[in-house]
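**Student:** Sequence:
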Amino acid sequence: MRRRCDDPLPLATGARAPFPGVPMSNALSDPIFAVLLDSPPPPVDTAAAEALLRDLWGIEGRAESLACERDANFRITTEAGPGYVLKVANPAEARATTAFQVEALRWLEGRTPALPVPRMVATGTGDFLAPLALDDGRNSTVRLLSWVPGTPVARTGGAGRLAAQIGTLAAQLGAGLAGFRHPASGHEILWDIRHLPRLMPLLASLPAGALRDQLQAEIDHFAAAVAPRLPALRWQVVHNDLNHHNIVIDPQAPERIAGVLDFGDMVRTPRAVDVAVAASYLTHLEEDPLAPVARMVAAYAAVTPLDAAEVELLRDLIVARLVASITITEWRAARYPENAEYILRNNRGARAGMAGFAALPREVVTAALRAAAEEGVR
1 MRRRCDDPLP LATGARAPFP GVPMSNALSD PIFAVLLDSP PPPVDTAAAE ALLRDLWGIE
61 GRAESLACER DANFRITTEA GPGYVLKVAN PAEARATTAF QVEALRWLEG RTPALPVPRM
121 VATGTGDFLA PLALDDGRNS TVRLLSWVPG TPVARTGGAG RLAAQIGTLA AQLGAGLAGF
181 RHPASGHEIL WDIRHLPRLM PLLASLPAGA LRDQLQAEID HFAAAVAPRL PALRWQVVHN
241 DLNHHNIVID PQAPERIAGV LDFGDMVRTP RAVDVAVAAS YLTHLEEDPL APVARMVAAY
301 AAVTPLDAAE VELLRDLIVA RLVASITITE WRAARYPENA EYILRNNRGA RAGMAGFAAL
361 PREVVTAALR AAAEEGVR
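For the record, in the sequence shown the residue sitting at position 130 is 130 according to the UniProt record's numbering, with numbers rising by one throughout.
Keep in mind that the hints were calculated from the coordinates and are not lab data.
One thing to keep in mind: the hints can contain errors.
Cβ-Cβ distance ranges computed for the label pairs, FRET-style [stated by the list, open to error]:
id	residue 1	residue 2	range
1	Arg362	Gly124	19 to 27 Å
2	Glu60	Arg138	41 to 49 Å
3	Arg229	Gly160	48 to 56 Å
4	Arg362	Arg95	52 to 60 Å
5	Ala67	Asp136	17 to 25 Å
6	Arg54	Arg95	17 to 25 Å
7	Thr46	Leu211	40 to 48 Å
8	Gly160	Tyr336	14 to 22 Å
Here a beta-carbon is modelled for each residue, glycine too, at the ideal position from N, C-alpha and C.
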């Protein structure tokens, strides 16, 4: 299924125990885990969505509910054009965070209009984010984005062939966001892998065994050898989620990337994190797990050269994303079994990446990525 909405961790105020036998206060005392609790999605149906579209934007269209865990999102079709996405935010999401996403897309439209990303659509009064009082008494916001047509790469089986294009796209998107500032850009989310050591409590969601031991060893290494070096890297706002559900191709030209979706995990973090996130989804695609990653890194470096310090940490950052993908999704799938298939859609690839890419000698991987980065700038 095409990824139709931001896929954040469920937010807010519930009190279900994180895993059997571990009290909430002990396992999730870190404030960053507040995003793991429950806040019901906004109670907005298709009729209400169509009314909002008509009243705020003066657009007549048909709303179709899109699968989402936290927000209320709708595909809007009209008689002309590709249509829109109407997004009603979960009330637990800070308005400043939603505004950060809005302003980032507006920044990209002004700075890099050729990038194939959603465009914000202003209301009749010129606003890009409108307040909304919900029927259950909570307050939310609503916004409208252009629909980005295309087929998700995850459904095509051709991600390996697109590795270089993904690298070029990641670099172009990062270059487009360079210089963007917003007060909410430094918000803390678990999917920002600089916080990897804070995932340790979630390892209890995995059965004891070799995989859990491997994940714990990587987290320990990250805390000791990687985290202290991150402040010295170049930082900026990045997309932070270039997985293959968020990259679409043109169905008529499957060799060409046609768009990027889902800016819900944007954050200000080391720029190398964004490279690593995109690379992590390539680690399980070929017999040689290094090959597509190296192609992606070379293409990225051809647009935006990587510093030596970034390259030296790249292997560990890539593996950190694999660790996060497994740990967070295993925890969430155990907590939300009714939605496990959706939650775990990237889990199998991450496990394969841990078995193949992460098992390679660290010095071998770093040497290969260093050579790829140098090749890119030649």
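**Student:** Look at each hint and say if it fits the structure.
**Tutor:** Results for each hint:
Checked against the hint of 19 to 27 Å, the pair Arg362 and Gly124 fails, with Cβ atoms roughly 56 Å apart. Distance hint check: the CB atoms of Glu60 and Arg138 are about 28 Å apart, inconsistent with the given range 41 to 49 Å. Restraint check, Arg229 to Gly160: a C-beta distance of roughly 30 Å breaks the suggested window 48 to 56 Å. The hinted range of 52 to 60 Å is not satisfied by Arg362 and Arg95, whose Cβ atoms lie roughly 43 Å apart.
Roughly 21 Å separates the CB atoms of Ala67 and Asp136, a value that falls within the hinted 17 to 25 Å. Taking 17 to 25 Å as the suggested C-beta distance range, the pair Arg54 and Arg95 conforms, at roughly 24 Å. At roughly 42 Å, the beta carbons of Thr46 and Leu211 sit within the given window of 40 to 48 Å. Here the CB-CB span from Gly160 to Tyr336 is close to 31 Å, at odds with the stated 14 to 22 Å.
Going through the hint list in order, the structure does not satisfy hints 1, 2, 3, 4, 8.
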